[in-house]
Structure formats: C-alpha cells, structure tokens
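Novice: Which chain is which? The protein sequence lines are A and B, in order. Start counting the first sequence at 1; every next residue gets the next number (our numbering). Start counting the second sequence at 1; every next residue gets the next number (our numbering).
Please note that the accuracy of each hint is not assured.
Label-pair distances were calculated between CB atoms; the ranges are [claimed, not checked]: (1) A:159 x B:135: 17 to 25 Å; (2) A:156 x B:302: 21 to 29 Å; (3) A:9 x B:315: 52 to 60 Å; (4) A:22 x B:339: 53 to 61 Å; (5) B:242 x A:38: 53 to 61 Å.
FYI, nobody ran anything at the bench for these hints, they're computed from the structure. Glycine included, each C-beta is placed from N, C-alpha and C at the ideal position.
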Amino acid sequence: MSEKKTNRRDFLFTATYAVGAVGVGATIWPMIDQMNPDASVKALASTEVDVSSLNPGKTITVLWRGKPVFIRRRTQEEIDDARSVSLEDLKDPQKDEDRAKDPEWLVMLGVCTHLGCVPLDQKGDYNGWFCPCHGSHYDTSGRIRKGPAPTNMEVPKYEFVNANTIKIG
Amino acid sequence: MSDHEYTPKSKFGKWFNDRLPLLSLASHLTDYPTPKNLNYWWTFGGILTFCLITQIVTGLVLAMHYIAHADMAFDSVEHIMRDVNYGWLIRYIHANGASMFFLAVYIHIFRSLFYGSYKSPREIIWIIGIIIYLLMMAAAFMGYVLPWGQMSFWGATVITNLFSAIPLVGEGIVTWLWGGYSVDNPTLTRFFTLHYLIPFLILGLVVLHIWALHVPGNNNPIGIDIKKPSKDTVPFHPYIVIKDGFALLMFMIVFAFFVFYTPNILGHADNYIEADPLVTPAHIVPEWYLLPFYAILRSVPDKLLGVVAMLSAIFILAALPWLDTSKIRSAVFRPLYRQFYWILVADVLILGYVGAMPAEGLYLLIARVATAYYFLHFLVILPVLGYKEKTLPIPLSITEPVLGGSPNLATAKNNESLNK
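Throw the hints in and build the complete structure from the sequences for me.
Specialist: Printed below as a string of structure tokens:
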C-alpha cells in the first residue's frame with residue numbers, strides 16, 4: 001500500500017473534495033454572516049450630545065450603539081488625582097493625558113471590561129467607578145485599579161464639533 | 001434490537017410490522033429486562049422525560065402569545081400573565097418547570113456518580129447525558145432572556161461577554177452573537193429561535209440516550225453485570241412503569257407546590273422591571289441551577305482563566321469514565337469513595353451557596369477553596385482512589401445477597417453456613 005502511486009482517480013477525488021469544500025463554505029457563510037450587525041444597526045454609528053448644561057463634577061450617560069457612554073466634566077481635584085498616579089501602579093498602564101485630551105472632559109464607554117455591566121459613578125476605592133457585578137474598581141480616569149476586569153474602560157472615538165457639542169463615533 | 005423474536009398476533013399487525021417494525025419496538029420496550037433491585041433514585045429518567053414534554057407543550061402554548069421584540073416582549077409576557085386564559089398557569093409551569101427539570105437532572109447525575117453508572121460499558125450514555133445537560137443550560141439561559149426584564153438583559157450581557165475572554169477573536173464573536181454592539185433586538189430574536197430549537201435537539205438526544213441504555217441495560221444499586229433476562233431481572237412493564245409512575249406523582253406534588261404556592265420564589269424580583277441598558281441591577285446572580293459554576297467563574301481573579309475554569313468544571317464530567325480508575329461501579333462496595341462522594345456533594349452545595357453571595361471577603365475565600373477541591377476530586381482523588389482503595393467483596397448476583405440477607409458476599413456466605 002505504501003508504494004501506491006498517485007493516479008488519476010486520486011487526483012479526481014482531491015479535486016472533487018476541494019471544489020465541494022469551497023461550495024459548502026460559500027453556502028454556509030451567508031448563514032453565519034447574517035448574524036453580524038446589519039445595515040440598520042451600523043447606520044446608528046454616531047451620536048451628537050449637547051454638553052452645555054453639564055457642571056463640573058457631574059456625569060451624563062448617553063446611549064451610543066446601544067451602549068451607555070459616560071461624559072464626565074471632571075473637577076480639578078479628580079484631574080490631579082488621575083494625573084498623579086504612577087504608571088507602575090496600573091494594571092493596564094495608560095496616561096490620563098491619552099484618555100482625556102481636554103483634561104476637564106472624560107468620555108468613555110460606561111461598560112465594565114470584565115463582563116459588560118454598567119459601573120456606578122463616584123463609587124469604589126478610587127472615587128471613580130465601581131462595577132456592582134463582580135467588584136471592579138476604576139479610578140477618576142476610568143482605569144482599572146482593582147478587581148477582575150482586565151483593561152481600562154474604553155475611550156471611543158469622539159470630537160468636539162463646537163464648544164458645546166460632542167460627537168461620539 | 002430486541003432480545004427476542006416478536007410476532008404480532010393479528011394479520012394486519014404482522015403485515016404492518018414486516019414493513020415498519022413499530023410493534024417489535026413496543027414489545028422490546030415493554031419486555032425490556034430491568035434489574036429487580038432498582039431503587040427510587042432510578043426513577044428520575046422517567047421524571048426527566050416528563051419534564052421535557054412539559055416544557056415543550058407549555059412552551060408551544062406560550063409561543064402563541066409571546067412577541068419576540070425588544071419593545072414588546074416585556075409587555076407580551078405581562079399580557080400572558082394578566083389577559084390570556086390560564087396564561088399565568090402555563091407560564092408559571094414553564095418557568096418553574098425549568099427549575100424542576102434541573103432539580104431532577106442533578107439527582108439523576110448524582111445517582112450516576114454514586115452507583116458508577118458512567119463506567120464501562122455505559123460511557124456513551126453518560127457523554128450523551130452531559131451533552132443534554134449542556135443543551136439544557138443553553139436553553140434555560142436563553143429562555144430566561146425572553147421576558148426582557150432587567151435580569152434577562154444583564155444576564156444575557158454577562159454570559160455573552162464570557163466569549164470576549166477569548167484572545168483575538170473574542171470581541172468579534174460577541175458582536176456576532178449580539179448582532180449589534182450590545183444586547184438588543186437582534187439578540188432577542190435569535191435567542192427566541194434557538195430557545196425554540198434546543199428542546200427538540202434534546203428530544204433527539206434523549207432517544208439516543210435511551211437507545212444506548214438499552215444496549216447494555218440498566219446499571220443497578222450493587223453495580224454488577226447481570227444476565228438478562230434472568231431471575232435477576234423483571235420486565236419493564238408493569239414493574240418499572242408502576243414504580244416510575246408513583247415516583248412521578250410524588251415529584252408532581254413538589255412541582256405543583258412551587259407552581260401554585262410560591263411561583264416566584266426561584267426567580268428574581270428585578271426581572272419584573274423592564275430591561276434598561278443604562279442601569280445594571282445592584283446584585284446580578286444567575287438562576288439557582290447555574291450558581292456552582294458561577295461561583296467557580298468568580299473565584300478566579302483573571303478573566304480568561306475564570307471562563308476556562310468554569311467551562312472545564314462542566315467538560316471534566318465528560319472525561320469522568322476515564323478519570324475514575326476503579327473497576328468497581330457501586331459506591332456500596334467502595335468505602336472510601338463513598339466518603340469522597342458525599343464531600344463532593346457538600347462541595348457543590350457550598351459552591352452554589354457562595355455563588356449566590358457577593359464575591360468578596362470570606363465568601364470569596366470559601367469559593368476558592370471549594371473550586372480547588374472540585375477539581376482535586378476529579379483530577380487527583382478519583383484516579384488515585386482506583387488503585388489505592390480496598391473495596392468490599394461484590395456479590396455474584398442480585399438475588400444472592402437478597403436471599404443471604406446481606407449485600408455483602410462474606411456475610412451472605414456466613415449466613416448460609418449458619419443456616420445449614
């Protein structure tokens with residue numbers, strides 16, 4: 001058996017299997033891809049928020065792509081807290097300067113990076129956010145400090161359209 | 001398939017049976033030789049079949065009134081509870097039926113663990129059973145999402161986010177599961193579809209489970225191989241049918257107690273608040289039957305490893321026939337295993353309890369110890385025990401210890417000599 005040469009029949013089998021596999025794959029893919037976000041979901045990709053009425057020390061939560069986004073106008077004390085932390089103390093090292101371009105405004109997804117709950121404002125050991133589901137503590141920059149969450153709360157793409165309006169997405 | 005040839009009496013019956021041997025199958029099922037020493041722990045197979053049929057029938061009826069849409073699901077469930085004739089009854093049977101299903105399946109699984117029913121030659125029965133158990137958990141989880149209350153929404157968010165622990169592709173998988181960037185209407189509609197499908201998959205697997213059972217026949221409390229049919233067996237009908245029927249009646253009393261007297265005790269009040277993507281309830285816990293695994297998930301401080309530990313805790317069961325190295329099936333003849341068995345039962349109950357408590361302080365410590373012990377039991381204790389344990393002598397037949405007055409061969413022999 002081991003000396004058996006490749007003949008025309010083997011070639012035909014292999015070719016048939018290969019074409020069959022491509023056909024099966026092409027048939028299955030639409031069945032799988034239909035579950036991905038559809039055009040109407042993708043169309044809701046950006047939101048504009050008026051932040052003119054927001055005072056320092058307050059947070060508003062807006063819905064973007066079905067997820068809560070925290071927009072916090074931070075106090076000077078919070079900014080100082082966030083900027084004085086040594087990067088070595090962080091589980092997911094990231095400078096506050098990179099998270100909040102304008103130090104007064106912190107914009108981030110209000111979604112715990114552990115399993116997706118919404119953390120509570122002004123709670124926890126670092127006066128930032130605390131997730132009630134599995135006990136993750138975030139600081140005033142939304143960086144993970146304690147608990148099971150692996151990364152900092154995500155900062156989405158956003159920009160100031162004018163002095164009073166933030167466009168998320 | 002049958003152990004004996006069967007010929008229908010009527011001419012039509014014979015004509016039909018020659019073309020489709022349904023009557024032979026029925027004859028096989030009624031005459032199926034069953035060990036005569038089966039105790040009431042063996043009645044849960046029948047009870048589970050009843051649970052499955054109950055869930056399918058009540059589920060079909062609920063689907064006639066339920067609307068799978070994020071804006072209407074919550075209201076349609078209230079519509080079922082308040083407006084639909086007997087809707088409250090049907091929904092309470094379905095919701096509590098899930099709990100009863102798991103109660104029965106846990107007894108069924110622990111019966112298997114005690115009497116070694118998973119061992120050769122019954123490994124395939126066991127593995128099919130584990131697949132059924134996994135599908136049950138999937139069905140129960142997705143069913144819990146359908147009322148679109150706060151616990152539905154946030155339970156769905158937490159559980160689907162487990163997949164985000166997978167490196168590289170995790171986030172993509174979660175988006176795919178959701179059909180969006182969060183749990184929303186597309187998630188609800190696909191969960192409804194799958195929740196409808198899974199019970200029929202389970203039904204198919206139950207047929208295979210029973211088919212695989214009927215090849216070697218039932219294990220029994222003393223765990224020995226028996227000749228069938230012989231004086232050690234009785235026909236399934238009427239002996240086992242009547243015993244299963246009585247146990248089912250007792251089970252239905254418990255079931256009815258929950259449905260009629262305390263229908264919401266196993267649920268969470270938060271689920272009577274409509275889903276709100278901006279507010280997470282203060283204390284999220286899964287349904288009671290998933291708590292031990294939830295405790296294992298939370299006891300590991302790392303996200304990925306936590307998920308791996310939780311899934312391993314379930315999949316390790318599939319490897320059980322090879323992890324348990326003892327040739328003796330029944331714990332009746334394994335004095336050491338019997339003790340470890342009860343420690344495992346306690347361990348799982350403790351995991352369930354701490355799973356319902358906040359993951360901090362002493363609870364977290366207990367959860368970690370109990371999680372470690374769970375894996376220790378399957379990965380170390382069971383394999384080693386098979387070599388080290390001094391087992392008791394096993395009887396040669398079921399009838400022998402009964403006539404000898406003791407399940408122990410040595411005692412039985414002794415009694416015999418005394419009687420002479």
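Novice: Check the structure against each numbered hint from earlier and tell me which ones fail, lowest number first.
Specialist: The structure breaks hints 1, 3; every other hint is satisfied.
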